[in-house]
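Here's the letter readout for the chains.
There are 2 protein chains.
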Amino acid sequence: MFRNQMPRYEILSADAMATLDAGWRRLVSELGVEFMSQRALDLLGQAGQKVEDNKVFFDPEWILEQVAKAPRSFDVQARNPANTIHIGDDMMSFGAVYGPPFVREGEVRRDATMADFRNFTKLAQSFPTLDSAGGVVCEPNDTPLDSRHLDMTYALATLTDKIFMGNVVSGPNARDTLELASILFGDGNGREVGRERIEQTPATISLINCNSPLRWDDRMLDALFEYAEANQAVVLTPFILMGAMSPVTIPAALVQQIAEALTGIALAQTIRPGCPVVFGSFLSNIDMQSGSPTFGTPESGIGLLCTGQIARHFGLPFRSGGTLTSSQVPDAQAGYEALMTLLPTFLAGANWVMHSAGWLEGGLVAGFEKFVIDAQIVEMLQHEFTPLEIDEESMAFGAHEEVGHGGHFLGAMHTMERFRTCFYRPFLNSSDNYERWMRNGAKDTATRAGEIYKKRLEEYEPPPLDDAVRQELEEYVVRRRAELGD
Amino acid sequence: MFRNQMPRYEILSADAMATLDAGWRRLVSELGVEFMSQRALDLLGQAGQKVEDNKVFFDPEWILEQVAKAPRSFDVQARNPANTIHIGDDMMSFGAVYGPPFVREGEVRRDATMADFRNFTKLAQSFPTLDSAGGVVCEPNDTPLDSRHLDMTYALATLTDKIFMGNVVSGPNARDTLELASILFGDGNGREVGRERIEQTPATISLINCNSPLRWDDRMLDALFEYAEANQAVVLTPFILMGAMSPVTIPAALVQQIAEALTGIALAQTIRPGCPVVFGSFLSNIDMQSGSPTFGTPESGIGLLCTGQIARHFGLPFRSGGTLTSSQVPDAQAGYEALMTLLPTFLAGANWVMHSAGWLEGGLVAGFEKFVIDAQIVEMLQHEFTPLEIDEESMAFGAHEEVGHGGHFLGAMHTMERFRTCFYRPFLNSSDNYERWMRNGAKDTATRAGEIYKKRLEEYEPPPLDDAVRQELEEYVVRRRAELGD
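Protein chains in written order, with our numbering: chain S, 1 to 486; chain V, 487 to 972.
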């Protein structure tokens, strides 16, 4: 996995941070936050917070006490230990797009299917820059709604040996995720052994979104209870499109984001002190003329940089960023908007980066070509955010003596010794001269990306999995599907 | 013009800077730098530097004394004072692509013409984010080689009222640029008055490239003498594609860049102490398999960030960056590679940004669609690099009271009061929903960019220019063209 040892780019002054700090305290104590779950309200009330109807009015100091119980960083284990990730500190992990109901390949945009889901999962397995296929890489619309979480989790567990995200549609869905993970990590020794192992070191990470502004909904909270009780990682994420789910000023969105994320984290720590949590951020803005969500905007970039600084202020790992774009197709806008988010993601040092590959059309579409494009830019930035080694030898004084004034270094000994590894070599970008590019079919980037994902799928080989474990997973899926009545 | 008040992103430690500092000193004193101009050799010899054949072995301390004579920042005046730029400090100015022999519009790639040159110049005038059309926006291949600098300078002086770059092909070409600028700034009072005015405040900025490694060629130096003597701004620029014009290690390229830029600047300060100079950087790398130049690479991004820090270390304004790409067409790669250079350009706080609009295919092509795409991303970043105001009011506590938990802010009073200006509105990006986008013709970004540049050219109106001045410019061009024998 990638370690970002470059400096963090921080743009908030101490004064600005103090103002934001006063802001979230005022929100949680004076306006309060709604929890649409009696269990949550009871628990927070028992912990001494003031509860009125669905609203909880918090003591900010109590929130900070809970936040302090959360680990600053933690592992999420993969069934292949080489793919285990560490969330927090300098580490950055990357998961694929999450949630799109549609897919695009080439000129075709259509409903996503389970076959698409499997293909994206295979692609995530095949790109070493990606640490996870994520969770809902796309919505498999051709599978029954009540049991598709079983199909998705089974696919994630078998087609990749990387970490995966848990289902959060309901408490029972979360329990199914935990059961499947327990089978997988039981490794033939039974579900109980597996459950112990994943409670020891979390094996899932799950996205708990806030229904912003200032409301946590019941189904997400039910899932939160399941995961937190099982010591699984949860990402408490305010879902903010400024102008719709928050006021239009960035500072207001930031304080709302803090209030929402910290109250969710405080609840998680009340459920199980010390459980692994991530300060989540999904922050962009709408187009104020059309109401459309927009991505890769200047405002979202600023918000992202601030969010990193804020999460560090609270000593928490954070989730943000990705390769977001509003563009309908994998064109120039898709390219620069993706980087408008992804480069600040690296500058801010986001620890868990969802939506790192495949996001298109405001997140409504998972794009196959876009997936490859994004994997490319993630890899480029991983190389860019690797510190230089500057020492006497790297000055290459001898190479100058060898080449002389006005000469060229192409055939120099110094070059020959290093030419294979000295520069990063992209797999998608073309720097062919015009004649060669024409001869090769004048393919633009999306066309080349299309060829790459098809080749990757052809060459895909499933990671090894014990037959007994696979069978146990299958039996669980079959049984639960029947119980769920599909 | 744009003021970048965001922090600079600096990645070199004090130790690293000290190592680089020792490196350039060793290069200039032990290996020396070639100057293919007797005038330059004589001047540097008279100033006490050791000259052997074409090589000058420098005393690094003497170089720093010369560098200290250069202004830390200065104005370049435009004939419309509102378009005068300030180079240095927090200021960033943006010029169009410089040098391509070809153009691309849509599917057509062909030799550039004078008509293209004029059209790009008009586009540069029409985008307020651009401070200049630059100099050689494209090579007008249909005009005689010996006199095309007259046509280009005339077009820059008449079709825009922004600052422009001087011709550097030869000393006489530079003199022609100065004469034309003197006529323009004489403003009807004669060329002598104009010459005085531009010597008072430079009216041109010119690109003096080093023939890297470690050689300054005669024609560029002849132009340098003309401009420096006339107190015109010069950008002393090592032209480095790592692996070809420098060793393959980034630190080696950085010390070479310092050695080249500083020796050029020292010469300029010897010609005319106090003349305005810019620390230039054009730094990328080749593909080590094909030998092709590549742009928007991780290595170039790192180099750019270091360059800013180095230029500030020497107290000099600096030139770097742009919207560079290797891509042959304005596709996804063109979008993300452009931003791979342009975002570090802002992070580094480059003062003079050449190649900010239109660069395609490694700089061989000026692209009309790419021009619009680049103008868009420059404008987005100008908004992103504008500090937030964080105060009590920006917290928008009242908006939360108005909207309530789980509500939306679309119709809130707080929103209504701010919706026109709260977020940056792009002119090119689409966030249309799929149905609307299809209804509008399913146009990708390049297609929309093509529509925009055509509309801009239709709507173009030349900035006002005194008839007498225009006539004097024309007469000069006609006379000199005849003298040059075309």
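Hints are not guaranteed to be accurate.
As a list, the in silico DSBU-like pairs of lysine-lysine whose alpha-carbon atoms are at most 30 Å apart [unchecked claim]:
1. K555(V) - K443(S)
2. K443(S) - K941(V)
3. K929(V) - K940(V)
4. K455(S) - K929(V)
5. K929(V) - K443(S)
6. K555(V) - K541(V)
7. K454(S) - K929(V)
Calculated from the structure, these hints are not laboratory results.
Exercise. When the hints from earlier in the document are held up against this structure, which numbers fail?
Worked result: When the structure is compared with the hints, only number 1 turns out to be violated.
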